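Q: The lines below spell out each chain.
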Amino acid sequence: MPVLNSVYRHREFGDTLTSLAEYERAGGYLGLQDALAMTPDDALYAFHRSGLRGRGGAGFPMGRKASFLPKDTGKPTYIVVNADESEPGTFKDREIIEHNPFQLIEGITIAAHAVGCERAYIYIRGEYEHQAQVLDSAVEQAREAGRLGPDALGPGRPFDITVYRGAGAYICGEETALLESLEGKRGQPRLKPPFPAVAGLYGCPTLINNVETLAALPPIMHRGADWYAAMGNEKSPGTKLFSVSGHVMNPGNFEIVLGQTTLRELIYDLAGGLRPGREVKAVWPGGSSVPVIGVGSLDVPLDYEALNGVGTFLGSGGCIVMDDSGCIVRASWRLAQFYQHESCGKCTPCREGTGWLAKILGRMVHGEGRGEEDIRMLESLFGRISGRTLCPLADGAVMPVQSALNLFRDEFVRVAEHGSPRPVPMMEAPVG
Amino acid sequence: MTVHELDEFLAPLRPQYADPRSLILPALKHVQEETGWLPPDAMATVAEATGFSQAYVESIATFYDRLYVEPVGRRVINVCVTLSCMLRGSDEIFEHIADYLGLDGEGTTDDGMFTLHKVQCIGACDRAPCLQVDAGEQIGPLEPADATCLIDDLRDEPAPARYCR
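Sequences listed follow chains E and F, in order.
Position 188 of the first sequence, counted from 1, bears residue number 186 in the working numbering, the numbering being contiguous throughout.
Position 20 of the second sequence, counted from 1, bears residue number 141 in the working numbering, the numbering being contiguous throughout.
Watch out, some of these pointers could steer you wrong.
Reference listing, derived: stretches of chain F covered by chain E, where coverage requires no fewer than 3 residues with Cβ under 8 Å from a Cβ of chain E [as the list claims (entries may be wrong)]:
id : stretch
1  : 135 to 147
2  : 175 to 186
3  : 224 to 234
To be clear, the hints were calculated from the coordinates, so they are not data collected in a lab.
Computed from a predicted model, the values in this text were never measured in an experiment.
Where is the CB? At the ideal position from N, CA and C, for every residue including glycine.
With the rest of the complex left out, here is chain E (with noise of 0.2 Å):
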């Protein structure tokens, strides 16, 4: 099991690198040295060659979506960076923002230069507010120096940064509808196409990328598309942030590289483990949003092709780990709120539909359920609300609890009939 804090400088430095001058010593900007160096089309082709996948959800290629970027439009093109880390379990940017800032900013600076942009926003969840102040103390740092500013990508050419504050939504991770966020219209997504990269923001040609995935270029341009490309494999390559909690002893975030690592090395050797004489019993390994997994999915690698082949998702690297003193309905029914809590009211399928997976949950639970009826109801639920929205929010409140049912059925059915009483926490602070 290979770990390599390669990627996220940081981790590698083994410390908080929040003033320029650390950050350079550690050796900062050096990737944005070697992009400036390479014309636009060969900065952006180096991206391709990464293979570099987008690490907020979704796994699409970086490289070819900033390549679908419309030139030549007459309009301004721009970059906005989605730091609305919300997605239940996933606190990988937070990190990155916190102790990283700048090797954020310089992976923005380079593909601003990759697709001529002059300005870049960083939409920030409003809980961040903590972290929200570090980027404006890192953003202000890199203006002083030159690094942001009139001169920024070379003599004449200006680049710089806005951060912009949320004010708490879930679904302003959702790209489209953290736009109409940041044109400050309520946060609902919009019909897709166009896609962001042709009508983005304010209707101009936008690359919109996660936090993970923008601070991995600048070590990408600094080694090389190939030092990166050698990593993981040929479909997953790189390495992913995950995100640990639950119920193991030692939650945090661990760097990996995808594929050689699998997910009971993530929970028993990087993860602390459970607590003694507790098994795993679900896992949900790549954010809430994605199907549950049980103990018999323990050794599958951790990579997006084969975390599909046992039918999940790679998702956010947002892995909660359930042991065995767990209640799958419990679990289900308090995602369900989630969803409920965060629907945004725009498609009547979601708007609706979440609320009456929680709802019925919940009745089974308070031990009020209706026995096979609630189950059968469930059941009709899930292809009522999946597939017949605008965006996945939906779709990721169904597909927690559609397979948590197909997984432990004869748990589902007991709770409906006898309800489900509130099983002791895991209380203790984790310890080393």
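Position chain F relative to chain E; hints supplied.
A: Chain F in isolation, oriented as in the chain E frame:
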């Protein structure tokens, strides 16, 4: 806050956006920092400073969880209750705080000191169970006793100069 004061805050932001509509959210957040919540006259101030109707400004304010269109206490205690926190005892933490504050679930204490909210994932599952006071740094992992100590400390603090929520 007067329209003029808000204008001064917005002036350096204006050139950063191609559409002044983008100023509404920063303006609402800025006004809320002073008043703690967004009463109708705050909406009117934002409407006038940004050039959009009050109805439109209110339609934005009501969309977001962390913009408060009802009065809240001096400090807002946001207890995360999403899955990772639930598995590590967030429901017990929430109930413990509610009992300690004499609240029956979510709500504001009679003395106006605290508003207690259940919130969705605040991105600190490595610190579960965790909470956030206003939009401060995520605090955890918590035991019930930690939570009540925190409340006592907050009670002794003066009101914050700005309500960063």
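Q: Decide, hint by hint, whether the structure agrees.
A: Now the hints, each set against the structure:
As drawn, the stretch 135 to 147 of chain F meets chain E at 11 residues by the rule of a beta-carbon pair under 8 Å; at three or more, the given contact holds. Note: the stretch 175 to 186 of chain F has 5 residues with beta-carbon separation from chain E under 8 Å; the three-residue rule is met and the coverage holds. Coverage of the stretch 224 to 234 of chain F by chain E is violated in this model, with 0 residues showing a Cβ closer than 8 Å to a Cβ of that chain against a need of three.
Violation of the numbered hints given earlier is confined to hint 3; every other hint is satisfied by the structure.
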